[in-house]
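Visitor: Taking the hints into account, I'd like the entire structure generated from these sequences.
Chains as they are written, first to last, in my numbering: chain A, 1 to 394; chain B, 1001 to 1476.
This list has only true hints and no planted wrong ones.
Facing chain A, from chain B, some residues (calculated, C-beta under 7 Å): (1) P1344; (2) V1404; (3) L1407.
By construction, these hints were calculated from the structure, which means they are not laboratory data.
Keep in mind that this is a model prediction, so the values were computed, not measured.
We put the CB at the ideal spot given by N, CA and C, even for glycine.
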Amino acid sequence: MSRKGIHDKVSVVGMGCTKFSEHWDKSTDDLIIEAAHEALNDAGIELKDVEAAWIGTMDSGYAGMTLSGPLKSDYIPVTRVENMCATGSEAFRNACYAVAAGAYDIALVVGVEKLKDSGYSGLVMNSSPGDGTSPNITAPASFSLLAPAYFNRYGLDPKQGKEVLARIAWKNHANGALNKKAQYQKEIPMDRIINSPMIAAPLGVLDCSGVADGAAAAVIVRTEDSKKYRNDPMLVKALSIAAGPGEGMLTQDFDFTSIQENVRAAEDAYKQAGIKNPRKEIDMAEVHDCFTPTELVIYEDLGFSERGEGWKDVQNGRFDLKGDLPVNPDGGLKSFGHPIGASGLRMLYEMYLQFQGKADKRQLDDPKIGLTHNLGGYPWQCVSFISIVGKNLS
Amino acid sequence: MQGIIAYEVYLPHHRISKKEVAGFHGGYAGKGTKSVAHYDEDSLTMAVNASNSLGDALEKYQPGAVYFASTTSPYQEKLGSVTLAKALHLPANTGTIDYGNSLRAASNAIRAGMNAVESGKGSVLVSLSDRRLARPKSPLEAEMGAGAVSFLLGEGDDVLAELIGSSNVAGEQVSQWRTAQDQFLRQWEDRFIAHSVSEAVLQCVHDLLTKTNRSLENIDTVILAGPTEKLSLTLARLIGANEEQVTSMRDGSIGHLGTANGPYMFTKALSESIPGQTILWLQAGDGCEAMLFQTTEAISSYKQKKPLSHFEENSNENVTYSDYLRWYELLEVDEGRRPGASTPSAPALKRNSDQILGLFGSECMSCGQSYYPKQRVCVKCHVKDEMKPFSLQGKKAKVATYTVDYLATSVSPPTIFAVVDIEGGSRMLAQATDCTPDEISIGTEVEFSFRKLYEAGGVHNYFWKVVPKRGVQHES
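Guide: Encoded structure:
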């Protein structure tokens, strides 16, 4: 699956991100305008400079008008993108390719989701009419399937397993506490996480990402043009997305301790970026911690931990802000919140801030290579996105 | 020889004690329990499960007709027998007839089935099932249970009990009834029913004994399937049956099973019979119908796949009255802040009816991998359109991983979902039912059970769930 990719061909020269929150007083349009203008201002350009735009949203709007309407863009092409929870990343990927191809010089990407107008708890997706037999399993329940399978395979008793998962949530909350744009800006003690009300056993409510409204945006140009806009652009080294054929629920080959789409997307992305040893070469990562067991499995799928060792790395603090490989320094989906279409761009926003030394109290020590991982679907079948971004040409 | 070739019973997993019912309303508590259908069961799901246990006999005899008898068919207009035939993999040209409107639907269906057998139309599957509802606090409430019985009627050396003769008497009266709009069963005063029904029963017994040239004292077992257990015993006494003859009628644990009640007692009598015994089945209901059976040599070697002990030893006796209210939709509950179920698409239901009701997936003819749901392209060897149908019914299955979903909308939360690995290599995400989270773990053996997922837009959405494999089961 070796693909050429667009290593260092395009760069991000402006980004914006709203606070992720229950924005009772803001509409989808308000969030798009806020994020888009922050990114344009950051790049030092105006909307009229943008030649094409992509809007990523799962359910908060349809077609390109979702963006052209509120922003009043001047009849430029706008594409609305949906790829479940990887929607924001997918919008970014498509915009990068268009710029790399030379079709446009400047592209704008916005990801947005307005979840809290529905009145529902958790995430609810529009589904097409069917024969009524698809299980009405909720998102936390579908990802909680990973937990007993992982505990069973690696010999963790339920109490031990629960502590490992809680330790992941604890870390992400500790990071989010340092982030002014996060939905939940406070540390949560381990015992409160462990004892939080059950949502999908063994997951409690504090094992789940925050349901939030929000938007994030990026301005993309070719790397050769990037210095016109700023001295510290973020370079795109690899973009990969793997869509699964569904083997996880069709055959008995997968045991729910790994997500094959993650493994495939990682292989592809590492090849594009020339990464041989992800554990050593990657300085920081933002991964799709929709639920705590997802993050645990991702460590192993992406090669951050050896198989069966992820839980030990969690306990020894490897992925903490001060650890060898900080994961979700901005708080992750867990504490930053998860407005579906915006999340992939929010992850890139943290990389961008870290490279520029603007990550405030979360600032890492001069990171040079970062990874974002964004997943849409279910553990048995999903789309898995990985980007590798960097501070310098390589 | 013509008669009953095979029989199977299905009883729900759940029981409520009469004490629990009385505890809610106050007042006198009788002894024992009654069977309670789970929230995902109705007369049709139970009929499918009872009939499905007949598996091998159905395979061997290929019934030419399916009769479904119930006073509580899930639809006023739509045949249960058609759904039943589809779930049992019977071809579209199988005869399909529903019987209802009276407890006598049971004997109507059996007698019509025997008529068909006698006229040389092949074997007939008859399934009798009910889940009747009595008004809370009414005397009937503590007694109305739920369950199903299926018989395969036919001809040949496998016949377990031969039909010797039958008779019927119509009785125009108001005793137990329900209008088209009534949710709950109505009943007139016991003493009047005993009086009025006894006229028809006596006449019926007299006619049958005369026709068959027998006397009552020479009958080994008498089953009097009346409107309630007490009335059944009263009526049996009135016709002069003695204690030994009516022993099979006593069952303090499952309650009255409606149209399945007489059949249930009949199967109990059959399971306790030796060859050459006579069983008189009197089915009351808007009159009476009588059938006299005699067991054959074959009865001594017959084994139910799921004998009564299977259901007795594994039941959950601890249903609370509040569970009962929710399961029978007697209490409107909040659905939580989640979207309601959407109406299944009729075209999708039609396209996938074999898959949904027959549990048919597909098997790759190139590499042998099986799938559920059916696939056109093999995920293993990637060939296209080289699949044959493959049903998961009766296949061994075990849990690969599972979750307990407290957020999913359900009448009976939490919902247990299990990733189930099935013999033959396929896998599916199934809902587990009739169990607590403690009963499911990685490696648990499960079996498929036909259930109703939900009802939306007036459509009963039937599908298969899994239950932990329990208790006595005879493999054939």
